[in-house]
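Per mature numbering (1 follows the signal peptide of the UniProt record, and there is no 0): the sequence shown = residues -29 to -1, 1 to 77.
Incorrect hints may have been included.
Calculated cross-link-like contacts (lysine to aspartate or glutamate; reagent style EDC-like; alpha-carbon spacing at most 16 Å) [to be verified]:
(1) K16 with E33
(2) K74 with E17
(3) K16 with E28
(4) K68 with E21
(5) K53 with D8
(6) K74 with E33
(7) K53 with D7
(8) K74 with E52
(9) K74 with E56
(10) K74 with E22
(11) K68 with E22
(12) K53 with E70
(13) K16 with E56
(14) K62 with E28
(15) K53 with D69
Here are the simulated distance ranges between beta carbons [said to hold, decoys possible]:
(16) S9 with T(-22): 41 to 49 Å
(17) M(-29) with D7: 49 to 57 Å
(18) F44 with D7: 26 to 34 Å
(19) E21 with S47: 41 to 49 Å
These are computed hints drawn from the structure, not numbers from a lab.
Quantities reported herein were computed from a predicted structural model and do not represent experimental measurements.
Glycine included, every Cβ here is placed at the ideal spot set by N, Cα and C.
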Amino acid sequence: MVLLNRLTAFFSALLLVLLLGCASPPTPGGTGEPTDDSVITARVKEAILEEPSLNPEEIGVETIQGAVRLTGFVSSIIVMEKAIEVARGVKGVRSVKDEMRLKWQH
């Protein structure tokens, strides 16, 4: 009976070690800060919404590995520059790519 208990304990410990070895490695950076692209996108959209000079309906936001891409048709170069500035100020943004275009005005 003692042998059975020792074998059970041994194989339980072995299984635990093997399972821990299969765990995924920690995320790069290890700062505990969220680097999820969806979180960054939401933060940029919120920052654009909070900026009175920007119309969030004109500006699209996509994020891939911390690189934010701004798209859409905006009313002026000043609006473009402000959107870029706002996006760059968001925590977690590594770079901003401007793909916005000016609206054609008659």
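(request) Mind checking the alpha carbons of K68 and E21 for me, to see if they're no more than 16 Å apart? (result) 21 Å, violated
(message) Tell me if the straight-line CA distance from K53 to D69 falls inside 16 Å.
(response) 11 Å, holds
(request) Mind checking the alpha carbons of K53 and D8 for me, to see if they're no more than 16 Å apart? (result) Roughly 21 Å between the alpha carbons, so the hint for K53 and D8 is violated.
(request) Can you let me know if the beta-carbon spacing of F44 and D7 is within 26 to 34 Å? (result) 28 Å, holds
(message) Just to be careful, I want the Cα atoms of K16 and E28 compared with a cutoff of 16 Å; is the pair within it?
(response) 10 Å, holds
(message) I want to verify a distance hint. Is the separation of the beta carbons of M(-29) and D7 within 49 to 57 Å?
(response) Holds - the Cβ-Cβ distance for M(-29) and D7, about 52 Å, lies within 49 to 57 Å.
(request) Could you grab the alpha-carbon distance between K74 and E22 and see if it respects the 16 Å cut-off? (result) Roughly 20 Å between the alpha carbons, so the hint for K74 and E22 is violated.
(request) Could you see if the CB distance from E21 to S47 stays within 41 to 49 Å? (result) With Cβ atoms ~19 Å apart, the hint is violated.
(request) Decide if the proposed pair is consistent with the structure: K53 and E70, CA atoms, cutoff 16 Å inclusive. (result) 14 Å, holds
(request) Starting from the hint 41 to 49 Å, judge whether the C-beta atoms of S9 and T(-22) obey it. (result) 44 Å, holds
(message) So if I understand the rule, the pair passes when the alpha-carbon distance is 16 Å or less; does K68 with E22 pass?
(response) 19 Å, violated
(message) Check the hint pairing K74 with E52 against an upper bound of 16 Å on the C-alpha distance.
(response) 15 Å, holds
Violation of the numbered hints given earlier is confined to hints 2, 4, 5, 6, 7, 9, 10, 11, 14 and 19; the remaining hints are satisfied by the structure.
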